[in-house]
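Residue numbers (the numbering used here), protein chains in the order written: chain A, 57 to 1036; chain B, 52 to 396; chain C, 762 to 840; chain D, -17 to 180.
I should point out that these hints are in silico values taken from the structure, not numbers from a laboratory.
Mixed in with the good hints, there may be bad ones.
Within a straight-line C-alpha distance of at most 25 Å, the following computed DSS-like cross-link-like pairs (lysine-lysine) qualify [claimed, not checked]:
| no. | chain 1 | residue 1 | chain 2 | residue 2 |
| --- | --- | --- | --- | --- |
| 1 | D | 27 | B | 123 |
| 2 | A | 693 | A | 128 |
| 3 | A | 375 | A | 405 |
| 4 | A | 128 | D | 129 |
| 5 | A | 652 | A | 129 |
| 6 | D | 140 | A | 129 |
| 7 | B | 123 | C | 788 |
| 8 | D | 27 | B | 108 |
| 9 | B | 112 | D | 27 |
| 10 | A | 974 | D | 27 |
| 11 | A | 693 | D | 140 |
| 12 | A | 129 | D | 129 |
| 13 | A | 946 | B | 112 |
| 14 | A | 965 | B | 123 |
| 15 | A | 693 | D | 129 |
Far from chain D by the CB rule (all over 10 Å, computed), these chain A residues [what the hints assert, rightly or not]:
| no. | residue |
| --- | --- |
| 16 | 632 |
| 17 | 829 |
| 18 | 975 |
Virtual Cβ for every residue (Gly too), placed ideally from N, Cα, C.
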Amino acid sequence: MLIKRKSGEAARTKHQAVAAGLAAGVLDRRAFLRKSGLTAGALAAAGTIQLGSVRKAKAAGSSAVGPDTVIKKNVCTHCSVGCTVTAEVVNGVWVGQEPSYASPINRGTHCAKGAAIRELVSSDRRLKYPMKLEGGEWKRISWDQAYQEIGDKLTAIREKNGADSVYWLGSAKFTNEAAYLMRKFGALWGTNSIDHQARICHSTTVAGVANTWGYGAQTNSYNDIRNAKTMIILGGNPAEAHPISMQHVLSGKEINRANMIVIDPRFTRTAAHATEYVRIRSGTDIPVVWGILWHIFQNGWEDKEFIAQRVYAMDDVRKEVAKWTPDEVERVSGVPGEQLRRVAEKFAKEKPATLIWCMGATQHTVGTANVRALCILCLATGNVGKPGTGANIFRGHTNVQGATDLGLDVTSLPLYYGLVEGGWRHWARVWEVEYEWLQSRFDEVPAKGGRKARTRKENMESPGITSTRWFDAVNLPPEQIDQRSPVKAFMVFGHGGNTVTRMPEAIDGMNKLELLVVADPHPTTFAALDARQDNTYLLPICTSLEMDGSRTASNRSIQWGEQIVKPAFESKNDYEVLYRLAEKLGFADKLCKNIKVENGVPVAEDILREINRGGWSTGYCGQSPERLKAHMRNQHKFDLVTLRAPKDDPEVGGDYYGLPWPCWGKPELRHPGSAILYNTNLHVKEGGGGFRARFGTERNGQTLLAENSFSKGSDLTDGYPEFTFGVFKKLGWDKDLTPEELATILKIGGEKPDTVSWATDLSGGIQRVCLDHGVSPFGNGKARANAWNLPDPVPVHREPVYSPRPELVAKYPTRPDERQLRMPNIGFSVQKSVVDRGVAKQFPIILTSGRLVEYEGGGEETRSNPWLAELQQDMFVEINTGDAAERGIKDGQWVWVSGPENSAKTKVKALVTDRVGKGVAFMPFHFSGWYQGKDMRDYYPKGTDPVVLGESVNTVTTYGFDPVTGMQETKCTLCQIAAA
Amino acid sequence: MRRATTFLSTLLLAVMLFAVPGALSPAQAQNPIQADGQNPMGARPTADSVNEEFLFKQESKIRGRVSIPDGKSANLIQPQGREYQNFRERWLPWIGALVILGMLAALGVFFLFRGRIMMEHSQESGKKILRFNAFERFTHWMTAVCFIILSLSGLNYIFGKRLLMPLIGPEAFGALAQWAKYSHVYLAWPFMLGVAFMFVLWIRDNIPSKVDWAWIKAGGGFIGKGHPHAGRFNAGQKGVFWMVAGFGAAMAATGLMMLFPFALTDINGMQVMQVIHSVIGIVFIAGILAHIYIGTLGMEGAYDAMGSGKVDLAWARAHHDLWVEQEQARTGSGPQLKGHPAPAE
Amino acid sequence: MKAFLAAVIAAVALGVLAMFALTSSQKFAYQAFATSGARVSEPGTNLVGPRWNGDPRPDEFNGEPHGKAEGAASQPKRS
Amino acid sequence: MARMKFLCDADRCIECNACVTACKNEHEVPWGINRRRVVTLNDGKPGERSVSMACMHCTDAPCAAVCPVNCFYTTADAVVLHSKDICIGCGYCFYACPFGAPQYPRVGNFGSRGKMDKCTYCSGGPEPDFSTAEYEKYGSNRLAEGKLPLCAEMCSTKALLAGDGEMIAEIYKQRVIKRGYGSGAWGWKTAYRETVAI
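The following block holds chain A by itself, in its conformation from the complex:
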């Protein structure tokens, strides 16, 4: 042959020869930047930045790992699976990505987003320096100017309208440390209106699951799905939303020849791999689950022993389920009884069986009830607390689990400590801040709208406004908003603007704000969709790939990510920005009292140590930075299925990967973490335990503690309540405490030492002693089939606010108008009006929304990544072939999708497909930048517009909020589609 043949021998030898540029050692990071015009001077003309640097570096070093190549490990910043990202860095430039074979979670693999993640840190569409809007023009400003002006404005607004008039929105893309720091920041500022994306993805899961058995999180792990013999995926499309989880799902399906049942309104990419696909009408999850349970109860397939030992009030569920005969289920949901019988039999009899759900179950006005019904299905069949079973809830963003845990939530403090005096005092002790000072930071709320006034203490203990309602809290009349004043300023960290329903009203809200600050790697929708002229700031924040910190995957494993490269452009990390803002606002000393600050940047490891010191309630106490880093070093030692390292390993022996919480006691105890929650077949020291005894010991004469069920090796061989010093004394276990531990407990308890619990004992003594006795610190209770504190203690079906079946609304109405979380919820009135006006006739198509694999969340970051953007260039609507034919719509043509509120309409491309059934349309939620047919590209600061823009589905989504968490309804509304 005429051209050089690759020699087979040579092909196997690793070449160390690094070509010219790098071998000469002339190209350090500075030189790269200079060459590519990325130095500060050139930043002025940022719009024209030429980003050849990475390519050049790569070219010079090629793919050969040369002596200058440094390998850095971080965690993918997209979904919650927690894939390890392995970066090759040459002279400070991220030049290549290698598969992370050592990680037991992703085993080298990535999805489109993870495989393209290198682009994030060098994207030319990043926000490059702080900017402000001045008379409608974007102006570059310095960081100092930004801190000064924002700080002054915040102070002024606070003085005039109170602390609650500033809304703080955090991010599920934060590291744990940043999430914690921001929650602490919110507390020191004096508000509970501090939220993040969990509100709009799994807040109902957290509420529903925690109210059932203690903790609101995935009970098992992605890897554990490999053990399942039956899996139901309901309202989830992991093939697009969590692609790496499908590795485990499909492996499980293959290894065990498992049943994989997909229940969804849409024939998704996941459904394509199911053994059985059940198409339901959007918003009828409860009828379907009760329909499954009807067959289970009818045939006696339930796990009677499990129910007797570990479940409270299953009989209340039986009564409700009895109403859902196969005929009624089919009438409401459209699913034939015979199919559900098949599903029921498999789930109950071919065990272990697991239930997987995502936002298809949670984003409803009945989200919490949906989730509860799903938990009850697991409980009834005994599919909890064992390998291969459980509620495998796939969370959304990379660290949405961690950010939820660390309290970026309007209803709790870090690690689910309630907004009660005990919770506040606990954190005041950890922070070494006076409780009284904290209280003084909160507003007094005057009496208005017929409601009583609230003192500072009461306001401190009152949940804040949810992020789904932030614009209602700007727009509504002040007397309807249960706080001192409506929201005037909005501080957005790492959160898109297109994520809330009813966008036209959200845009009104944006325009009314006195101050809008967006701190994000990208300008986000907030910067582009409104008609603001002034008082708007954009702060460039680096991605978590450019900083140190830990993140909690959906399976509760915590992984440490190390900084891969320095923050791009002038961007700064969250720690620094929060610290500098706190400095300006005067409480930086309190924010970082026990946290080392180096060069103005709080140290991530120190923040985690503070979390460890206070994180008893959720078992965030054992995951020291040193242990987490050891896990990253020893990834290859963990088992693929059990996630456990061999016991004899010196560094990570016996640990579960990422020390999934709860990881009890101090790090020195070396608790291995809990890979599977509520697993009674394991000793507590091995990660076992029962259900959390969270709801008391008895109700209506029935015990709430487990009966004849306890974890392996437990000294107490029955149910038991959570442990306090008082209980310890009764058991005589107080003698097992060391003098130091005892001293700490007595100091915390003051006059009432008996109330000091496993969750408030800062010494960790109670947890240590519990472990020695083989008992769970949180007790051993029953899971609740009846959660009496929730609006619907036993879940009942309620039609969506915009029901496509008005005739069912009378029988299954949504909940009456109520006030929740400082805001009115008028769902019932809206639903009545919808039925009365015959909206379902004008808007006959059900509109549901969801994810694409290429994009993430609001999509600003991923749509700015050309490798991803190229794959999805147009916002589209999936429309059924039949509906398209009736409307004369062809595949690929422009159509108007109009919604029933605000005369809203969106111009999108038609994707004619049978993925959606007749009368159903689907739109992805990642797009924004077009608004009602108008391209808003020019509104972005020059050069920061994402590569791909499109209509936001939320322009046409409508009213509807879950009564427990304020979750918005995105999965079931109505629309009409017409050719454009």
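Could you slot chains B, C and D onto chain A? The hints should help.
For chains B, C and D alone, kept in the frame of chain A given last:
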């Protein structure tokens, strides 16, 4: 035998402009449930999965959906490329070599037997008559020059790597082929224009008539003695005209389809176009070789028609008597020119 | 002979004309495979070279690289 | 000697497009050049399958055969590569390829579409291994480092297999035996004139 079958199917492919499913390799049966190729519908997505065999039964290629705005990438497998490869590499070189060398051999044989057809002298010898005006000659030569380059560059696509590349080495050949490719693509345009001009210029004189039949029956004067009657163009020349017009149009049409991929046809269409283009091209080249032969080496005096435009009246009288009469009738004295005692060289 | 020379010149001229016409009617792949929803500013130049002709030799390249998309970047012109 | 092949297990492929972006990432593939793509068949209907497709590095590759300038060559690992120095952008390989692999920098007509580009099985080109010229023309050379193509290495569900043909066929066979179904080795019959017998 297998070769013959494939060749046949390829020709069918060319003629019928669509793929013959029978010629495709049958896909393997992987899925026992799917072995009968039943339509996979139902609610059991795993059990009902599609496979190659099933899809190839529906269509000759496998098509799906992609999200990128490049429609052609939605074609997953189009096995016709194998048939095309077979034609182009196994058959085309032989067809090309046989036809072109065959024509050269035939002309050689003819030359050996017949020799050069010499001018017959008469009293009109030495007088000139204008046969083609400047524009006609311009058009002819523009077309001819383009044709020669197109032929050579076209043949280079088939034979270059076989004949030229071993001689001059890959780098030089690569550069040469690059220029050949450019010239092929760019000179196609003046060629097409030239063909169009010629068509308009000469169509009037190329309508077949009864005289042509007589001319053919008389063997065109090539065989035996005497000249059959002929107008401005005899039947042989008319044949060349119609060949150029027809083949030229076909080459242009197929060439344009390939030059603008996916404008009018898909990949299979382009494969067919390539087959047609190459086969016609070879026949065309062979035909033009004969034309060149008779216009230069084969017949004394013929070249002048396109050389200077003026031909010897005696030659004209002998070969195109009807045309000479017509011209002389039209101009009275006739267009013969004086003062040129010697015949053109 | 004049006619022949004229013919050769015309052929070459028309060929050159065709070259310009054909080249200008071409689109770069990053233009052809981008829709109205996308603004591609930096399509990249690896594998295709700075002039997007597949020739990566930068020494041949002078002038504005085609790796940079034509068309102005978005201008701040807010209402 | 290894005979490198690709095999996409359609019963695993979920159209996540990781292979596509991994390719873009590894070689800095510009916008509009798609060395690899995922095609979904029977979209939206039961039986739907997605298949990731790139150059299959065929046995007796049609592209190589029809190339008028013989710019293709086959490595000892049976990877089909080409030389952009010799390629004239004529498009014949594109007519011949059963898998739509060849890509051109310019689109519209074949006047001068530029040098063809396609999947190199992450093994560079004729230039010296790891040279800048190799990277700028063909992308990185993982094979010479002893690594496999990144698309397959990063495939989310390990659907896309790359490596020695016999080894990946064996992996696929084991999977089919274990799970009891398999929609076949897509494209193998056309590319390699053989299939995975189970």
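Can you give the numbers of the hints that this structure goes against, from lowest to highest?
Violated: none.
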